[in-house]
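Student: If you're matching them up, the sequences are chains Z and U in order. Residue numbers for the first sequence follow the working numbering, so the first one is 1 and each next one is one higher. Residue numbers for the second sequence follow the working numbering, so the first one is 1 and each next one is one higher.
It is worth saying that the hints were derived from the structure and are not from the lab. Check before you lean on any hint, since a few could be wrong.
[Claimed, not checked] One side only, chain U facing chain Z, incomplete, derived with CB under 7 Å:
#1 Leu8
#2 Val9
#3 Arg75
#4 Ala80
#5 Leu152
It should be emphasised that the depicted structure is a prediction, and the values quoted were computed from it without experimental measurement. Idealized CB from N, CA, C, for every residue including glycine.
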Amino acid sequence: MNSSPVTAPARPPVPENPWLSHTVRIEQIVPEIAEVATYELAFVDSTIAATYQFQPGQFNMLYLPGVGEVAISISADPRSRERWAHTIRVAGSVTQSLARLQPGATLGLRGPYGNPWPVAACEGRDVILVAGGIGLAPLRPVIYELLANRNRYRKVTVLVGARTPEGLLYPGQYADWKAAGIDLQTTVDRASPGWLGNVGVVPQLLDRMALPAPQETVLLVCGPEVMMHFTVKSAQRRGVPVENIWLSSERNMQCAVRLCGHCQLGPTFVCKDGPVYRFDQIAPFLKVEGL
Amino acid sequence: MSVPDPLLVEELSTSPFAAGWPHRIVSEVVPISRQVLYPAGSIIFEQNAVNRDLFLICSGLVGLDMRVPARGNVRILTLAGGELLAWSALLGDGQMTATATALEPVRAIAIDGSRLSDLCQHRPDIGFHVMTRLAESLSHRLTATRLQLLDLYSHTTPHVLTFGAREH
Chain Z
1 MNSSPVTAPA RPPVPENPWL SHTVRIEQIV PEIAEVATYE LAFVDSTIAA
51 TYQFQPGQFN MLYLPGVGEV AISISADPRS RERWAHTIRV AGSVTQSLAR
101 LQPGATLGLR GPYGNPWPVA ACEGRDVILV AGGIGLAPLR PVIYELLANR
151 NRYRKVTVLV GARTPEGLLY PGQYADWKAA GIDLQTTVDR ASPGWLGNVG
201 VVPQLLDRMA LPAPQETVLL VCGPEVMMHF TVKSAQRRGV PVENIWLSSE
251 RNMQCAVRLC GHCQLGPTFV CKDGPVYRFD QIAPFLKVEG L
Chain U
1 MSVPDPLLVE ELSTSPFAAG WPHRIVSEVV PISRQVLYPA GSIIFEQNAV
51 NRDLFLICSG LVGLDMRVPA RGNVRILTLA GGELLAWSAL LGDGQMTATA
101 TALEPVRAIA IDGSRLSDLC QHRPDIGFHV MTRLAESLSH RLTATRLQLL
151 DLYSHTTPHV LTFGAREH
């Protein structure tokens, strides 16, 4: 049992030269859902690969010469030593250009950046991960971490919401996650013919869950802000303390080193102080339209 | 005078619907309630049919489908343990607005809608508790429906996070 307050993880060190991009090669492209694919990237320089480490929740800046840079959360297993997965949705010019690349192509990568999920603080507690849409990508490294040390955590629940059954991310891994002791539940906003699972929004799954020890439950949430808002409300109504609620926020991250100011959220910068925040650190700013 | 089923009393008093109700209120509702079981795949009620029971789902998953011309039955929602089903039995004329199907074995408490309505009318203290819980349930369902309408995961929706690919 662990009912002490969840403490923030230590801020990971930033790369020695945060502006330096390293060349990575696309080893594999795994189509996931419509306009979303996972890119398995490997460092060309083996000495970089040998020392590169990230923590769940961190992101990299991917650079396409002549096109630009984009912040992409890392969806890989933190124990990866050869390939690092990045799940990317086509949204703007850089990701559109990325989508045209084939395995073997090279691009630049700098990182990792940002504050991670408080995984170590989840030890001895019930852990609930709530993901909406592509929000499962930044949470997948947490799942890998929890599975690698499953006995350190009590009940682990993953709640996944998507627009349609075809929009559920990483469905091929669900059976393995369940077999490894995760209570995984899915729901969709719109059912397709033949879908026999839940229909409704993901906060409803949390509403239905038994929370025998809310004081000893940690909630990690990533998805559209409206979905996170109602998920957090549900958790608070059930008695989960605010210091146990963490979410991954996102803004327009351009420099990743708190210089350009594009990702400012209230007094914080998402690239440096986030993307993972304790809910009460950013709650007042989530209510301000335009921030 | 019949002795109330202790399992039914226990099930009802520990349900989210009656949680926190004084025992005297629960004991008034028990005589108009009964436990029901539906095997997976069975129809609990059909759209447009008259159903007189308000259901409190104890366990299992229930699908709510609406018939749409040229699209057939469209599943609009699923309900699970602790949730209410078939409000029209209490609030309306009993004509169901959707078809309810047990997607798994479903255990529920069926409360006679017209007798519950009479009870609420003649006993305002019971009416207050029942209608408060019903309004809470409706409020939650309305919020959830709004979220579905927002189509949050559509990447054409502006101001919606799509982590990992926000570019300007």
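Student: Look at each hint and say if it fits the structure.
Tutor: Hint by hint, here is what the structure shows:
Interface restraint check: Leu8 of chain U against chain Z, minimum CB-CB distance 21 Å, threshold 7 Å, status violated. The beta carbon of Val9 of chain U comes no nearer than 21 Å to any beta carbon in chain Z, farther than 7 Å, and the hint placing it at the interface is violated. Interface restraint check: Arg75 of chain U against chain Z, minimum CB-CB distance 4 Å, threshold 7 Å, status holds. At a threshold of 7 Å, the smallest CB-CB gap from Ala80 of chain U to chain Z is about 5 Å, leaving the interface hint in force.
With 7 Å as the threshold, the beta carbon of Leu152 of chain U comes within range of chain Z, its nearest partner Cβ sitting at about 4 Å, so the hint holds.
Going down the numbered hints, you'll see the structure goes against 1 and 2, while the others check out.
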